[in-house]
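Sequences and hints are given; from them, build the entire structure.
Number of protein chains: 2
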Amino acid sequence: MNPVTAIAHPNIALIKYWGNRDHTLRLPSNGSISMTLAGLETQTTVQFDSHLSADELFINGQKASKRASDRVSDLLNHIRSLANTHHLARVTSSSNFAIAAGIASSSAAFAALSVAAAQAAGLDLDTKTLSRIARRGSGSACRSLYGAFVEWFVGTDDADSFSQPLSIGKDWELMDLIALVDQSEKPYGSTRGHKIAESSPLQTARVSDTPRRLALCRAAIKDKDFELLCQIVELDSNLMHSVMQTSTPALLYWTPETVRIMQAVKSWQSEKLEVCYTIDAGPNVHCLCTPASANEVEHRLKKLPGVQEVILCAQGNGAHLL
Amino acid sequence: MNPVTAIAHPNIALIKYWGNRDHTLRLPSNGSISMTLAGLETQTTVQFDSHLSADELFINGQKASKRASDRVSDLLNHIRSLANTHHLARVTSSSNFAIAAGIASSSAAFAALSVAAAQAAGLDLDTKTLSRIARRGSGSACRSLYGAFVEWFVGTDDADSFSQPLSIGKDWELMDLIALVDQSEKPYGSTRGHKIAESSPLQTARVSDTPRRLALCRAAIKDKDFELLCQIVELDSNLMHSVMQTSTPALLYWTPETVRIMQAVKSWQSEKLEVCYTIDAGPNVHCLCTPASANEVEHRLKKLPGVQEVILCAQGNGAHLL
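Taken in sequence, the protein lines are chains E and A. Under our numbering, the first residue of the first sequence carries the number 95, and numbering increases by one thereafter. Under our numbering, the first residue of the second sequence carries the number 95, and numbering increases by one thereafter.
Just so you know, the hints here were simulated from the structure itself, not pulled from any lab data. Hints may be right or wrong, so weigh each one.
Note that the list lumps identical chains together, so a pair holds whenever it fits in one copy or between two copies.
Stated by the list, open to error - Below, simulated BS3-like cross-link-like pairs (lysine-lysine); rule was C-alpha separation at most 27 Å, straight line:
(1) Lys289 x Lys360
(2) Lys366 x Lys280
(3) Lys316 x Lys360
(4) Lys280 x Lys157
As C-alpha cells, then:
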C-alpha cells in the first residue's frame, strides 16, 4: 500500500455557509459560492498500513490533538467503508499558512485528505463524489475540489449536496488580498459555531434570503460586474456575522483591526478603488479586488495599523494528486 | 404669552427601537424599554409670539440648520393644531452633551420641547399624551417623559403607541457609563436609518422576536437579575446593529474603538465584573453596571485606548417644567 499525496487550496466564500441541517453529514443550511485561492496550500500524504493499531495524524511535523485526529479518523472510516477495508492509516499534512485562524485551513485540509485517502484506499471516484466526501470532514472543503468559482448546492441529502464549478466567469481573474491581523487559533471554532447558528433569531431569515443572494452573485460573476459583486459579498459577510453575533453564546470574531479594515475599504470604495471585504469565522479580512487595483489595495492595507501581513492570492486550482 | 422652560434627560434603550410602521407619526416597528439618564440634560424654552413671521430655533446659542428647524416646526404645528392657535414660536435649546453622536440627544430634545411647547400653548395635557406628542418629534423621545425604567408600547396607531413607566424594579439603581470614542455628528442619522431598516433581510426577524426580548427584559428588571439583563441587552444591541449593517446602504456605526470596548466588556464579564454593553446609532458605548461595579468599570474604561471621556449617569427623572 503506497503513500499517496494530494494538494488542495483553501477557498474564500463569496456567499457563505453557516449552520447545518445535519451536523454529521454536514448538510448545510444554505447553498454557497466560493473562489479557490492560489498560493496557500495544504499537502497531505495518506498511507494505509496493516501494521498500524490506530490512525496516526501529524500536522506540520507534530502529532495532532485528539480532536483533530478523531475528526480525520471519522473521514477515514467513511472511506474505509466505501473501499471495504479495515486498514488504518498514517496521515501527514502540512500547510504553508496559519491554521484555524479564519483563512479556511480546514477547507484545504479536508479536500486534500479526501483526494489522497480515496486514492490510497484504491477507490476510483469522480470529483463530484470526492466533494461529497470532503463535505463530511469540513463543509467548505467540498468547494476546494474545484478551481476558480465554485457553487456548493444545499441539496436535499448526502447524494445531492455537492460542489460544481461555475462555468460562467471562468476567465474573470479576481484577486484576494488577505489582511492578517491575528494568526492565533480562534477560541470558538467553526464546527462548534455551526451548531449554535440556530440559536440566533436571525438565522432563519438569513437562510431564507440565500437563493436571492446566490442568484445575484452568479449574475455578478457572469457579467463580470464587480460593483454588484461587492454589494452582495459584503452584505453576505455581514449577514453571517450578524447571525454569529446574535447566537448564544455570541460569537464576536471581529477585532478593532477587523473593523478598521472594513471602514477603510468602504472609504476606498468611495474613491472608486475596486475592492470589497469579506470575513470568515475569524478576525482576518479578505479584500477581493480586480488585478488592476491589487497593488494599490495591497499598499494601502500594509499601511493600516494592526495589519501584520498581506497575502496576495490569485485564483487557485482544484484539489489534485501530486 | 410667557416663555416656558422644560428640562429632559436622554434615555438609553435596553430593548431598542429601529424602524417605523409609519414614518410621519413615528409609529415604531417594535416596542422598546429604556432607562432615563441623570446628568445629561437638555433645557428648552418656548415662547409663542404673535409678532413672529416664522418659527425661530436656536441650539446651544446658534441659529439651527433648516433641517432641524423644519423638524421642530413640524412638532410645533401639531401642538398649534391641538391648541387651536396660529402663533409662531421662538425656541431656544441647550444641552450639556454632544448632540447627534448616538447618545440619544434627540430623545431629550423632543421630550423637553413637547413639555415646554404644550404648556406655552396653554394646553393642559397628561404625561401619556405628552409622550405621544414627543414621539412624533423623535420616537425615543416619548420614553424620556418618564424616569427610571420606561416601556414604549408598539401600539396599533397614534392613540395607543405611548410610553409608561415600568412599575417593577423602580428601586433597582443601575448606572450607565458612557464611553465616548467619537463625539462628531454621525454621517447617517437615525431618522434616515429608520427609513431603511426594512431593506435589511433581517429586520422582520428582529421585529418578530421582540415580544420575547421585551418579556425577558421585564423579567430581569422585576427580579433585579443583572446577568439576565446583560444577556438580553447585549443580544438586543447586536440585533439592531445586525439590521443596520445589513441594510442598504449598510450602516456600520461601530469603529475599532467600539469593538475594543465590546471585547473588553466581554472579558471583564468573565472575571465576574457586573457590566454589559449596549450601543445606539453611533460609535459610543453605553456600559450598564451595578453601583457596586461602577468605579471599577469607569477606571478600566478610562485606560482603554481611544476612550476620550467616560460619563457616569445614574437614573434620571422624567421630563418636567423648570
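Hint-by-hint comparison with the structure:
With identical chains, the CA atoms of Lys289 and Lys360 are at most 27 Å apart between copies only, with a shortest distance of 21 Å across copies and 32 Å within one. Taking identical chains as interchangeable, the C-alpha atoms of Lys366 and Lys280 lie at most 27 Å apart only when they sit on different chains, with a minimum of 23 Å there against 34 Å within one chain. Proximity of Lys316 to Lys360 under the C-alpha cut-off of 27 Å is restricted to the intra-copy arrangement: shortest distance 24 Å within a copy versus 43 Å between copies. With identical chains, the CA atoms of Lys280 and Lys157 are at most 27 Å apart within one copy only, with a shortest distance of 20 Å there and 52 Å across copies.
The earlier numbered hints are all upheld by this structure, with none contradicted.
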